[in-house]
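The lines below spell out each chain.
Protein chains: 2
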Amino acid sequence: MYYNNFGDRKLPMLMDFYELTMANGYFANGMKEDIVYFDMFFRKNPDGAGFSIVAGLEQVIQYIKELKFNDHDIEYLRSKNMFKEEFLQYLKNFKFSGDIYAIPEGTPVFPNEPLITVRAKSIDAQLIETMLLLTINHQSLIATKANRVVRAAKGRPIMEFGARRSQGYDGAIYGARAAYIGGVVGTATTLADEAFGVPALGTMAHSWVQMYESEYEAFKVYAENYPDSCTLLIDTYNVIKSGIPNAIRISKEILEPMGKRLKGVRIDSGDIAYLSKKCRKMLNEANLHDCAIVASNSLDEFIITDLLDQGAKIDSFGVGERLITAKSEPVFGCVYKLAAIEKNGEIIPKIKISENEEKITNPGYKKVWRLYDKKADNPIADVVALHNEVIDDTKPYTIFDEIHVWKKKKVTRFYAKNLQVPVFIGGECVYESPSLNEIRDYCKKEVDNLWNEVKRFTNPHTYYVDLSSDLWICKQDLIGQYSFK
Amino acid sequence: MYYNNFGDRKLPMLMDFYELTMANGYFANGMKEDIVYFDMFFRKNPDGAGFSIVAGLEQVIQYIKELKFNDHDIEYLRSKNMFKEEFLQYLKNFKFSGDIYAIPEGTPVFPNEPLITVRAKSIDAQLIETMLLLTINHQSLIATKANRVVRAAKGRPIMEFGARRSQGYDGAIYGARAAYIGGVVGTATTLADEAFGVPALGTMAHSWVQMYESEYEAFKVYAENYPDSCTLLIDTYNVIKSGIPNAIRISKEILEPMGKRLKGVRIDSGDIAYLSKKCRKMLNEANLHDCAIVASNSLDEFIITDLLDQGAKIDSFGVGERLITAKSEPVFGCVYKLAAIEKNGEIIPKIKISENEEKITNPGYKKVWRLYDKKADNPIADVVALHNEVIDDTKPYTIFDEIHVWKKKKVTRFYAKNLQVPVFIGGECVYESPSLNEIRDYCKKEVDNLWNEVKRFTNPHTYYVDLSSDLWICKQDLIGQYSFK
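Chains A and B are the protein sequences, given in the same order. Numbering-wise (my numbering), the first sequence opens with residue 1 and increments by one. Numbering-wise (my numbering), the second sequence opens with residue 1 and increments by one.
Be aware that a few hints might be false.
Copies of the same chain look alike in the list, so a pair counts if it fits in one copy or across any two.
To be verified - With a Cα cut of at most 27 Å, we get these calculated DSSO-like pairs of lysine-lysine:
id	residue 1	residue 2
1	K10	K65
2	K278	K359
3	K359	K313
4	K80	K220
5	K327	K455
6	K408	K68
7	K80	K92
8	K375	K444
9	K220	K121
10	K252	K84
Think of the hints as simulated: they come from the structure by calculation, not from any bench. All figures in this text were calculated on a predicted structure; none of them were measured in a lab.
Please construct the entire structure, taking both the sequences and the accompanying hints into account.
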């Protein structure tokens with residue numbers, strides 16, 4: 001992959017400053033070899049949805065592989081007069097040496113289950129916090145949003161059009177990658193094609209049409225240059241009175257005599273429901289049943305649903321700013337929390353208490369199990385368990401609600417899968433990322449398998465993510481230790 | 001500046017694919033030397049605000065300076081089988097050769113005035129569209145949001161804490177830069193300090209506290225390591241019953257014996273208004289009047305206003321996800337529209353008509369004038385005029401509303417300033433960006449000078465951005481030409 005290294009971008013220094021003050025503190029305090037366990041998880045799905053799509057692992061892997069500090073970085077840190085010289089020397093030779101387990105990209109995931117678990121020396125685990133969160137938060141946000149938009153279009157292709165409104169260059173580049181995982185068919189961002197193979201497409205802006213004496217001439221030049229992929233933007237002056245009649249003329253006068261067909265027309269403003277129906281009728285009357293109508297203009301899953309409900313005659317959508325920024329809820333809230341430490345080889349679970357109950361963490365070194373219906377392959381529930389627990393899927397397993405513990409459900413005829421895979425062991429990468437197309441296909445299959453009740457936009461069913469009873473007891477014990485009267 | 005080049009990042013290919021299909025079309029059609037004029041402008045302020053802050057010009061300049069296509073790019077484009085070989089050869093030797101005029105970074109700006117005007121060959125002007133929009137949209141979005149948050153805090157310092165929730169790496173890096181222009185005092189993002197000199201600060205995460213046997217021990221180790229900058233995170237277990245008592249003990253037992261003071265405590269969850277008052281009282285009773293209370297946890301300008309209204313005792317704020325993504329409205333909507341073309345040395349104005357009236361563009365090669373009150377230095381109104389018009393500020397000038405033309409106002413005792421400055425002339429950069437601190441100071445001064453009525457969050461006064469009568473007539477003429485009966 002051409003873009004698959006961060007090169008001289010210096011992303012190692014893209015970290016919260018407190019990672020460095022803490023690391024320096026652990027170093028000074030003789031704790032640098034202490035083994036710790038961190039979980040990355042999120043607390044709620046964006047947009048009140050029933051699930052999210054995790055993405056970004058391939059970039060996490062790149063980052064960890066390339067993570068080192070150069071002389072400039074060390075000099076900069078020295079200038080702060082806060083760091084011990086021994087610590088700076090240590091950083092100079094730093095290489096991540098821990099273990100990372102992660103849920104593969106494209107998997108539907110749910111609140112409160114560890115997407116990534118890190119077992120590493122205290123310094124290693126702390127230094128990677130910001131980049132892990134940033135990478136997974138960003139790409140999961142966009143993959144999740146894209147998947148919603150794609151599902152709203154009910155099979156009609158979605159093109160990602162948002163680079164110009166994205167939040168920074170990487171917002172566009174990795175945003176296009178994540179959107180592709182979520183199911184868009186392509187992007188307007190050329191670099192995402194060159195770098196990742198996300199198919200790039202594009203035809204013309206209004207400026208093209210304005211450049212010529214007339215809309216007809218502008219269309220004519222375009223058709224002559226691109227007879228095989230001629231999609232015309234028809235709303236520069238007036239869709240019905242000018243754009244469509246000119247497009248039809250182009251088809252008849254330029255393309256059909258060459259044995260070509262008008263591939264599409266695009267509407268980027270106005271009442272798209274109304275205009276698309278009117279356009280469809282005019283195109284059909286001109287025997288252009290195969291000419292696709294493409295719509296764009298601040299679309300998202302809600303407007304697309306609404307357009308289709310109105311019977312809009314749209315064959316594909318270009319979705320820009322509202323996808324690339326996940327406008328309706330532009331933050332994916334993964335956190336990275338200490339779950340345990342090792343003392344003399346023993347794993348000691350740790351908890352963060354909070355007056356906001358939902359911010360209390362799940363302690364311990366954990367695994368996530370997904371229980372699937374044996375026959376239909378639908379996921380039934382996820383169970384977060386301690387790492388040494390094994391869910392025996394040869395007999396019934398009872399799940400229960402963490403708060404309302406009397407709410408139980410006996411799961412039968414299921415198979416259990418451990419969702420996390422080993423990615424780094426002892427600092428060495430042991431995982432090969434699937435190709436982007438494989439991730440995208442896997443995502444589609446897994447989302448298809450979810451219950452429809454989990455997938456609806458309004459008031460979706462809350463998928464079960466329960467704690468094993470061992471983990472539940474461990475958590476209650478720790479809460480008890482920290483309850484202040 | 002250490003980060004001041006994009007190096008091997010290949011941002012030249014970060015463009016919408018249609019820029020390339022159009023450029024190839026202009027090339028094939030003998031129009032590559034045609035001179036065109038494009039304006040970049042936005043249509044409404046985010047969050048219903050009265051103004052925005054423009055930012056990102058320094059990165060636009062870097063991009064234009066470095067803009068070239070390498071062999072890999074050409075090979076990629078060739079593989080698409082859409083581009084003429086002559087065009088690919090032309091791209092190989094491409095260097096931007098046009099003129100760019102722009103409003104300097106940190107300036108308060110208003111809808112419908114050109115922030116940037118490009119006069120260039122058709123291909124040059126088209127190829128730079130995406131990166132200009134992306135850069136200015138992103139940084140203006142964050143500078144504008146940061147400025148709102150800063151103003152809400154009424155003089156209390158704001159720290160930018162958002163990297164982990166930003167939309168991609170550049171979202172964090174350039175987001176911190178833009179937030180600093182908007183007035184934050186520093187950032188948690190280390191790289192933004194190393195690269196741009198935005199002061200980076202940070203102390204500890206909850207994990208630090210959890211790593212030790214007790215909160216007291218965690219605080220003690222921190223205080224011993226950082227006696228000069230000791231801010232303690234007090235909400236890991238219980239703010240009132242554990243965090244504050246332990247912080248006070250640290251001050252008495254560790255810091256004061258060393259002749260040091262406890263610099264601050266940070267609250268990151270719970271009822272911050274209530275907790276801050278209670279903490280202030282306990283700290284004061286312990287003679288720690290100088291210990292600052294820092295608040296964080298999903299803050300923004302609305303919550304900060306509300307906290308201060310409740311009399312919360314907060315001395316500074318850490319603002320994360322809602323600033324770095326501009327969560328309340330995460331899109332800055334600059335567009336880039338053809339305004340004119342040159343034919344035989346004559347400038348021919350161009351317009352984009354739309355059934356959405358607000359999408360009709362202002363035609364022609366233009367300038368933006370800002371009229372200031374001679375005595376108070378407050379901006380009174382902006383006037384968008386044709387480029388050859390001069391506003392004579394020695395006599396009264398009448399502005400009028402574009403739609404309700406009977407709404408007029410005679411402006412007297414004013415001076416007029418042309419807001420755009422030349423940045424590139426004939427492809428050569430003729431502008432030196434001020435330092436980041438100069439931009440930040442200039443922004444503060446210009447915002448201070450705005451009327452309070454323009455600055456309020458709810459229903460602000462709509463600042464006048466009017467057209468000169470020559471421009472108004474030009475626009476009406478063109479609308480008339482394209483009105484379809």
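Structure-based check of all given hints:
| no. | hint | result |
| --- | --- | --- |
| 1 | K10 / K65 | both (13 Å within a copy, 21 Å between copies) |
| 2 | K278 / K359 | between (53 Å within a copy, 22 Å between copies) |
| 3 | K359 / K313 | between (46 Å within a copy, 24 Å between copies) |
| 4 | K80 / K220 | between (63 Å within a copy, 22 Å between copies) |
| 5 | K327 / K455 | both (20 Å within a copy, 24 Å between copies) |
| 6 | K408 / K68 | neither (49 Å within a copy, 63 Å between copies) |
| 7 | K80 / K92 | within (16 Å within a copy, 44 Å between copies) |
| 8 | K375 / K444 | within (19 Å within a copy, 65 Å between copies) |
| 9 | K220 / K121 | between (65 Å within a copy, 21 Å between copies) |
| 10 | K252 / K84 | between (77 Å within a copy, 25 Å between copies) |
Of the numbered hints listed earlier, the single one contradicted by the structure is hint 6.
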